[in-house]
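**Student:** Chains as they are written, first to last, in the numbering used here: chain A, 1 to 401; chain H, 1 to 401.
Just so you know, these hints were derived from the structure itself, not from any lab. A few of these clues could be false.
Copies of the same chain look alike in the list, so a pair counts if it fits in one copy or across any two.
What the hints assert, rightly or not - Pairs of lysine to aspartate or glutamate residues, derived as EDC-like cross-links and limited to a Cα-Cα distance of at most 16 Å, are as follows:
1) K396 x D330
2) K47 x E395
3) K153 x E10
4) K396 x E381
5) K153 x E397
6) K314 x E381
7) K80 x D330
8) K80 x D331
9) K314 x E76
10) K47 x D201
11) K153 x E337
12) K80 x E144
13) K153 x E76
Residue-level listing of the chains:
Protein chains: 2
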Amino acid sequence: MSDGGGFGFEIGRRDPDSRARTGRLTTPHGSIETPNFIFCGTKAAIKGVTPGQMREAGTGIILANTYHLMIQPGAERIAKLGGLHAFMGWDGPMLTDSGGFQIFSMGHGGVADEIKGRRNRDAAANGKAARPPALTRITEEGAEFRSYLDGSKLFLTPESSIEIQRKLGADLIVQLDECTPFHVERDYTARSMAMSHRWGDRSLAEFARGDDGAQALYGVIQGGVYPDLRRESTEYTAGRPFFGTAVGGSLGAHKDQMYEVVSYCAPHIHPDRPVHLLGIGGFADIFAGVRLGIDTFDCVHPTRVARHGWALMKGAGNERINLRNTRFRDDAGPIDESCGCATCATYSRAYLNHLVRAGEVLSATLLSIHNVATMNRLMAEVRAAIGSCTLDAAEKEWLAV
Amino acid sequence: MSDGGGFGFEIGRRDPDSRARTGRLTTPHGSIETPNFIFCGTKAAIKGVTPGQMREAGTGIILANTYHLMIQPGAERIAKLGGLHAFMGWDGPMLTDSGGFQIFSMGHGGVADEIKGRRNRDAAANGKAARPPALTRITEEGAEFRSYLDGSKLFLTPESSIEIQRKLGADLIVQLDECTPFHVERDYTARSMAMSHRWGDRSLAEFARGDDGAQALYGVIQGGVYPDLRRESTEYTAGRPFFGTAVGGSLGAHKDQMYEVVSYCAPHIHPDRPVHLLGIGGFADIFAGVRLGIDTFDCVHPTRVARHGWALMKGAGNERINLRNTRFRDDAGPIDESCGCATCATYSRAYLNHLVRAGEVLSATLLSIHNVATMNRLMAEVRAAIGSCTLDAAEKEWLAV
Numbered sequence: 001m002s003d004g005g006g007f008g009f010e011i012g013r014r015d016p017d018s019r020a021r022t023g024r025l026t027t028p029h030g031s032i033e034t035p036n037f038i039f040c041g042t043k044a045a046i047k048g049v050t051p052g053q054m055r056e057a058g059t060g061i062i063l064a065n066t067y068h069l070m071i072q073p074g075a076e077r078i079a080k081l082g083g084l085h086a087f088m089g090w091d092g093p094m095l096t097d098s099g100g101f102q103i104f105s106m107g108h109g110g111v112a113d114e115i116k117g118r119r120n121r122d123a124a125a126n127g128k129a130a131r132p133p134a135l136t137r138i139t140e141e142g143a144e145f146r147s148y149l150d151g152s153k154l155f156l157t158p159e160s161s162i163e164i165q166r167k168l169g170a171d172l173i174v175q176l177d178e179c180t181p182f183h184v185e186r187d188y189t190a191r192s193m194a195m196s197h198r199w200g201d202r203s204l205a206e207f208a209r210g211d212d213g214a215q216a217l218y219g220v221i222q223g224g225v226y227p228d229l230r231r232e233s234t235e236y237t238a239g240r241p242f243f244g245t246a247v248g249g250s251l252g253a254h255k256d257q258m259y260e261v262v263s264y265c266a267p268h269i270h271p272d273r274p275v276h277l278l279g280i281g282g283f284a285d286i287f288a289g290v291r292l293g294i295d296t297f298d299c300v301h302p303t304r305v306a307r308h309g310w311a312l313m314k315g316a317g318n319e320r321i322n323l324r325n326t327r328f329r330d331d332a333g334p335i336d337e338s339c340g341c342a343t344c345a346t347y348s349r350a351y352l353n354h355l356v357r358a359g360e361v362l363s364a365t366l367l368s369i370h371n372v373a374t375m376n377r378l379m380a381e382v383r384a385a386i387g388s389c390t391l392d393a394a395e396k397e398w399l400a401v
Numbered sequence: 001m002s003d004g005g006g007f008g009f010e011i012g013r014r015d016p017d018s019r020a021r022t023g024r025l026t027t028p029h030g031s032i033e034t035p036n037f038i039f040c041g042t043k044a045a046i047k048g049v050t051p052g053q054m055r056e057a058g059t060g061i062i063l064a065n066t067y068h069l070m071i072q073p074g075a076e077r078i079a080k081l082g083g084l085h086a087f088m089g090w091d092g093p094m095l096t097d098s099g100g101f102q103i104f105s106m107g108h109g110g111v112a113d114e115i116k117g118r119r120n121r122d123a124a125a126n127g128k129a130a131r132p133p134a135l136t137r138i139t140e141e142g143a144e145f146r147s148y149l150d151g152s153k154l155f156l157t158p159e160s161s162i163e164i165q166r167k168l169g170a171d172l173i174v175q176l177d178e179c180t181p182f183h184v185e186r187d188y189t190a191r192s193m194a195m196s197h198r199w200g201d202r203s204l205a206e207f208a209r210g211d212d213g214a215q216a217l218y219g220v221i222q223g224g225v226y227p228d229l230r231r232e233s234t235e236y237t238a239g240r241p242f243f244g245t246a247v248g249g250s251l252g253a254h255k256d257q258m259y260e261v262v263s264y265c266a267p268h269i270h271p272d273r274p275v276h277l278l279g280i281g282g283f284a285d286i287f288a289g290v291r292l293g294i295d296t297f298d299c300v301h302p303t304r305v306a307r308h309g310w311a312l313m314k315g316a317g318n319e320r321i322n323l324r325n326t327r328f329r330d331d332a333g334p335i336d337e338s339c340g341c342a343t344c345a346t347y348s349r350a351y352l353n354h355l356v357r358a359g360e361v362l363s364a365t366l367l368s369i370h371n372v373a374t375m376n377r378l379m380a381e382v383r384a385a386i387g388s389c390t391l392d393a394a395e396k397e398w399l400a401v
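From just these sequences and the hints, can you work out the full model?
**Tutor:** This is the structure in structure tokens:
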């Protein structure tokens, strides 16, 4: 399937036992093999890692966040400086989100927690959507919120989100949706979903007005934890001319419910389009998502945990080890003998233990490089496993189960 | 001149109008051209910059601090892990200091300020050497001080400093000396200097006992701001079998006095040995030092100012510009058109302005890379200028005077 302007998505091999598939997602800035992982460069920078180091670690695609960049340094400024790719020195495929997720979760934390399946007891208890302090008003027109920098009021609409993302210039962009918190009333979720669909239509119209083939638009599936709403929302996105499909919103109270929610959507997603799962990044989640037909994932997890001394590790049981741990003090071996990233090629666990304990910022860089390389290796091994029908074996190796 | 074990120092060109000279300093881990700059990797890491990035920025030699490393992770541990080079992934020439400077200045700040010519009014007013809180006792045997980590009492002697530096395994090591603060009484300075000389002899004896050709020892010139003491101390070092000469201790109350103090030493320094000036790194200071016969410099300046948003810049007047400044917000040009470092090759001032304002740690990395490259370029141009007798012209270009 081609969507003009150098965009395309070709499906390769299919797993006979699940919806897992390999593919190739093409953009004007190059192609990535799928399933793949999109690393978060929130403010147009991967924290502590240069684009060159990201490439060396095997990275194909990154994202930046519209919410942060529209406030600082501003989309207009980035456009004048040649767009995100030129601005941040990344010449590969790139995605921006709509800005909605941060607006609906900022200063609250609830939505992010809920997507990961961590229950927000207060919100769940009263069955209402708690409003994050940053968000001041939602209307049919859009969302009013406060700037994280100076508290000034800002307004984001489906049209302005497309316009801002056009200025930012990522290859893949996403429609604005209301990201409903977990377990709000069914009625609220249904009304919110219907509005998100109307926002989707407005996004498509605005996108079509300025479409020059340089970008491709993802629609977002909402519907909370309700099977019929998820199906309705999925059919909405499949029936509209979006390039890709993103599974968004609250994915449930715990991991199992997250998989369940995605499984409500999976059979109804447009089969020829790339599917993105927003904000998910654990090894186990990746395997579960891939089996449900997800092609791309994103999460701050790999670089965030690196800043706290954690190294992701294949077969480590808990998916990771903490280099601050005293048992690594005299360990002359690399984080992972089987890794081969720039960090594992040069540095011992003992050195990383020292850097973490000494508070050296280089520890975040070196651990981020390893974690990025590990996620890219995970995705490469997942793709290979789909090709050879050995997903179960790959999962056992990675999760040490 | 060769000092065994792959060490050597060959003098090349000489400036007819000053003591400036070019040379080649050889160690078992390779050679550097002099004059050159030694970058500070205090805790066995250049802050925010990998060894690969240091190399790419033209770096030939780095140092680490004995005081920090003896406390954490410990010299014994580093020795077991193969020494500093293997531990931190740097395969070029390396220097460690004796540990004395930090002991005598830690928790006080006075000595570091004084070396840079910033007057410590209190110490000057009472004419006594104020004791930093970390330092609990100085005796003929050595210095007792408290660990910066847990407050436990530690004792450093000339012999133990050599032993620790042997375990750390840098190519160039330095004798323990008492780093006397600026403008203490002449009597105190004279007695302290005499003790430092005895410590020098003990260092040489300890060094000789374990010498396997893998390291070379620098003696340190003390003597405060007193011309006759500086001469005496310089003659002491010249008369002993040190490989190199370091000009240490208080260099005066202000920049001009610093140059004056170095000029007391210069005529009496052993002419065939490499000369290091401790803790000096401004462009103007480098030119002044080079003219006085200094071959190597070290300073935390290039990477420290980077962490505060400053880019060193040839011809910038004040030697640097601050990327946080609003005037760079829309500036699509690189920090320095004439630079060519990895940062200037890829990133605009506008992007760096954004990173600094956004508090992204990547700004420190990118600015450090530029500052390191700029110092290395300065030193390369200084060497070329000595070769072509154009030091004055080079200085005018760099200082924009």
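**Student:** Each hint: holds or not?
**Tutor:** Hints and how they fare:
no.: 1; hint: K396 x D330; result: neither (30 Å within a copy, 51 Å between copies)
no.: 2; hint: K47 x E395; result: neither (29 Å within a copy, 38 Å between copies)
no.: 3; hint: K153 x E10; result: neither (43 Å within a copy, 67 Å between copies)
no.: 4; hint: K396 x E381; result: within (12 Å within a copy, 58 Å between copies)
no.: 5; hint: K153 x E397; result: neither (50 Å within a copy, 49 Å between copies)
no.: 6; hint: K314 x E381; result: within (11 Å within a copy, 49 Å between copies)
no.: 7; hint: K80 x D330; result: between (51 Å within a copy, 8 Å between copies)
no.: 8; hint: K80 x D331; result: between (50 Å within a copy, 10 Å between copies)
no.: 9; hint: K314 x E76; result: neither (42 Å within a copy, 32 Å between copies)
no.: 10; hint: K47 x D201; result: neither (35 Å within a copy, 49 Å between copies)
no.: 11; hint: K153 x E337; result: neither (51 Å within a copy, 39 Å between copies)
no.: 12; hint: K80 x E144; result: neither (26 Å within a copy, 60 Å between copies)
no.: 13; hint: K153 x E76; result: neither (18 Å within a copy, 58 Å between copies)
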